[in-house]
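Chemist: Protein chains in written order, with this note's numbering: chain A, 401 to 780; chain B, 1482 to 1976.
Don't take every hint at face value.
From the derived model, a few chain B residues whose C-beta atoms are all more than 10 Å from chain A [to be verified]: (1) Ala1486; (2) Glu1590; (3) Gly1761.
Capping the alpha-carbon separation at 30 Å, the derived lysine-lysine pairs in DSS-like fashion look like this [stated by the list, open to error]: (4) Lys515(A) - Lys1968(B); (5) Lys1894(B) - Lys455(A); (6) Lys1968(B) - Lys767(A).
Honestly, the hints are just simulated from the structure, not real lab data. Beta carbons are placed, not taken as given, at the ideal position from N, Cα and C, and that holds for glycine.
One letter stands for each residue in the lines below.
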Amino acid sequence: MITYEFLQQYWWFIISLLAGLLVFLMFVQGGNLLIFLAGKNERERELIVNSTGRKWELTFTTLVTFGGAFFASFPLFYSTSFGGAYWVWILILITFVFQAVSYEFQSKAGNILGKKTFRTFLTINGCLAPLLIGTAVGTFFTGSAFTVNKAAVGDIAAPTISRWANNWHGLEAVANPFNVEFGLMVMFLAMVLGALYMINNIDDDNLASSLRKWLTRGFCAFLVLFLLVMWHLLTMEGFAVDSNGVVSMEEYKYLHNILDMPNTLVMLLMGAVLLVAGVAATIFNKGFKRGIWLAGPGTVLAVMALFMLAGYNGTAYYPSTADLQSSLTIANSSSSEFTLKTMAIVSFIIPFVVGYIAYFWRQMDKKPITSDELDHTDKY
Amino acid sequence: MVETALVDWSRLQFALTAGYHWIFVPLTLGLAVIMAVMETIYVVKGDEFWKRAAKFWMKLFAINFAVGIATGIILEFQFGTNFSNYSWFVGDIFGAPLAIEGIFAFFMEATFFAVMFFGWQKVGKRFHLASTWFVALGAAISAVWILVANSWMQHPVGMEFNPDTVRHEMVDFSALVLNPVAISKFFHSWFSGWMTGAIFVIGVSCWYLLKKREQKFALSSIRIAAIVGIIGTLGVMFTGDSSAVHVSKYQPMKLAAAEGLENGGERAPFSIVPGIEIPGMLSVLATHDIDGYVPGINNILDGYTTPDGQTHLSAEQKMERGKIAIEAFSNYRELKDSNPEEAAIARKTLEENIEYFGYGYINSRNELVPPVPLVYWAFRVMVGLGSALLLLMFIVLWAERKKRLESMTWLQKAAILAIPMVYLAGQAGWIVAEVGRQPWVIEGLLPVKSAVSSVSVGAVQTTFFIFVAIFTLFLAIELRILFKAIKEGPKTEVE
Chain A
401 MITYEFLQQY
411 WWFIISLLAG
421 LLVFLMFVQG
431 GNLLIFLAGK
441 NERERELIVN
451 STGRKWELTF
461 TTLVTFGGAF
471 FASFPLFYST
481 SFGGAYWVWI
491 LILITFVFQA
501 VSYEFQSKAG
511 NILGKKTFRT
521 FLTINGCLAP
531 LLIGTAVGTF
541 FTGSAFTVNK
551 AAVGDIAAPT
561 ISRWANNWHG
571 LEAVANPFNV
581 EFGLMVMFLA
591 MVLGALYMIN
601 NIDDDNLASS
611 LRKWLTRGFC
621 AFLVLFLLVM
631 WHLLTMEGFA
641 VDSNGVVSME
651 EYKYLHNILD
661 MPNTLVMLLM
671 GAVLLVAGVA
681 ATIFNKGFKR
691 GIWLAGPGTV
701 LAVMALFMLA
711 GYNGTAYYPS
721 TADLQSSLTI
731 ANSSSSEFTL
741 KTMAIVSFII
751 PFVVGYIAYF
761 WRQMDKKPIT
771 SDELDHTDKY
Chain B
1482 MVETALVDWS
1492 RLQFALTAGY
1502 HWIFVPLTLG
1512 LAVIMAVMET
1522 IYVVKGDEFW
1532 KRAAKFWMKL
1542 FAINFAVGIA
1552 TGIILEFQFG
1562 TNFSNYSWFV
1572 GDIFGAPLAI
1582 EGIFAFFMEA
1592 TFFAVMFFGW
1602 QKVGKRFHLA
1612 STWFVALGAA
1622 ISAVWILVAN
1632 SWMQHPVGME
1642 FNPDTVRHEM
1652 VDFSALVLNP
1662 VAISKFFHSW
1672 FSGWMTGAIF
1682 VIGVSCWYLL
1692 KKREQKFALS
1702 SIRIAAIVGI
1712 IGTLGVMFTG
1722 DSSAVHVSKY
1732 QPMKLAAAEG
1742 LENGGERAPF
1752 SIVPGIEIPG
1762 MLSVLATHDI
1772 DGYVPGINNI
1782 LDGYTTPDGQ
1792 THLSAEQKME
1802 RGKIAIEAFS
1812 NYRELKDSNP
1822 EEAAIARKTL
1832 EENIEYFGYG
1842 YINSRNELVP
1852 PVPLVYWAFR
1862 VMVGLGSALL
1872 LLMFIVLWAE
1882 RKKRLESMTW
1892 LQKAAILAIP
1902 MVYLAGQAGW
1912 IVAEVGRQPW
1922 VIEGLLPVKS
1932 AVSSVSVGAV
1942 QTTFFIFVAI
1952 FTLFLAIELR
1962 ILFKAIKEGP
1972 KTEVE
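Using the sequences plus the hints, can you model the full thing?
Modeler: Structure below.
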């Protein structure tokens, strides 16, 4: 029996899946983070840009689809978070706007700003996008200051439903260490994935050895942050919601969630194991280049588990610290049953889309990019 | 109190983003078709000439495509950042087409764009050709869904208001997709993209003719582009005609504003420019009947009765009923737990007046009239330039067929000048559609002023100027890169 509640849970699952795929695909950002760090000469930087440059649109599209799917399934989040944490989202968008033109423009004659500037834009996006998105997701656990009052629509002079309770409009998230840890963790994860992806995608010994160096550094930073985040997450208070929709604080809420939902524990552990295996195999075995295909799926699993911990098992996934009862839950922020059902039918096409992307990905990447190839084909 | 300045700046920021986005999108829509046709000829005939021709236009396509993506992402997220109330109030319906656009169209474009550019040596000839067509198809599908969303704002269908959740909820998905306004609007916009792509290719090619360069390439490109452009422009005119009928039916104020028609009636005249009119022509365009009744601005504000006996309320009556609806909504919410019987009565009152809900937020009848001179002139610019460009394309095609184009420098110059004109026509079209529907973000249900987010005016001003700076910079860079690439021309082998 397909109930409204089931559809809401299903759509939270889809959102979690898209989030997982998005973080995996942020290897593009991670790669760009390394343009100037790992790319020691023009040719190496060119290889990096051309490697991530053939995939960046997928990441970008996943972000846009993530936004669209969130809008369609949980519109109250779209309206409350985007309209409220205004500056965070605007900053994220601006970095992506710069990214969108930078590949195409960077090496074209007449580009006014010069190659280095456009690559700097790519690096800024590589750094800020995962950092800010991660910080914003951190607030899924720590909360934000907003109120939601649907009755406001009846007030002709001031009909706005969602209001942010401070003038920082989202920037205040960096005042909470957990959010920053979370953001940095995602940033270093992107860097790890970027290094792994390029080791697989580019055939160049010199570049590979410096990528391995950055992989090790990035992974160490990631590991420390990951352990910190997990420690804080499992010991922090969380935002519980009861069957009447009443939100209250609960000690060790996320620890309880993980114990109540062993599947999330399994996903999280499997994700971590795959990630560590992918990284370790790449670092310790110089001939091993397929680390991204272990770490990538591992990332998807781990991110999904975190989203499920944030939203399932009676938890408010976008909690309000200004007014607990304004917190957003899967139940109170979702679309209507009809819309969720319609969109569920639409979602059946996702495996097909993933399928053709994977097929063409394989077709295009049968052979890794080489320095020689850049001299003989179209390139950025 | 929602500040007027906040509403204006939010609106301006949206208009800026949409306007810039619409500089880049039509070329994407049209050029994609033209280069796909060229590559098809290459695959069918096996003539390398067409491959190189297609590749040259693809290069220009890519430069333009990037900026389209950059402006597009802001557009999508802006519904949330600047129109948060809108996002909740109708997100149940409006979010769906945006999500579908991402899943169906953007992934298709992203995947096949990469194959189209980097796959020449990695996939087979036919495979590559299919990829190019998929890029064109992806762009068109994207236009379908965003225009389904836009059309729903112009003519909301397939939903019911739910006072418990305080939003309009979708009850009929097919009504949303098959909205007649959406069908006209999609084809109108898509074909206008063909027109833009065609004029762009013709103009650039004529520049080569003028410079006596790449003549074979230029003439061959002109032939394809002129045919695509003529088909596109005829499509634009045909769908423009059905759009006019829809507007007269669902958004009579927009039509009255576009015509500057203060007092309408039967056999309403069409104004070519102020002072020159064709009697009865507006009735023909709007109702397909020379005796058809077309209300003017004053008629709509004062209320009117059409010859078939249908009465339309005056502005004050609608505002009154809107206020009744909003009050009933509040009463329902207050009473639903304590007094179910009274609540049921309030709900019934709400349902009876829901059609006018948005009018409840309107303070004076003047708010209901969009800026008439802007819409009036934008309409004339759109139609006038569109017709002139069609004529130009016929002449160019004729001259090319008669092998006279190379010597007709005046025509070459006119074709180059046509490039900015086609953009002007496209922008004017959006002004008619979007300024003409003010003050409504959703026709009759929600005015813009009740849709905006609660952020400070200063914040919106800041982001507005940031976007102005970024988009203008990108436009300047794009133009400079395009000029350089055009100057460099297709690879010499094409000659």
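Chemist: Each hint: holds or not?
Modeler: Structure-based check of all given hints:
1. Look at alanine 1486(B): its CB is around 15 Å from the nearest CB on chain A, clear of 10 Å, so calling it non-interface holds up.
2. Its beta-carbon lying about 8 Å from the closest one in chain A, glutamate 1590(B) breaks the requirement of being farther than 10 Å from that chain.
3. Glycine 1761(B), annotated as away from the interface, keeps every beta carbon of chain A farther than 10 Å; the closest lies near 42 Å.
4. Note on lysine 515(A) and lysine 1968(B): the hinted pairing holds, with a Cα-Cα distance of about 21 Å set against a maximum of 30 Å.
5. The hinted pair formed by lysine 1894(B) and lysine 455(A) fails the criterion: a straight-line CA distance of about 41 Å is larger than 30 Å.
6. Of the supplied pair hints, the one linking lysine 1968(B) and lysine 767(A) is violated, its CA atoms being roughly 35 Å apart against a limit of 30 Å.
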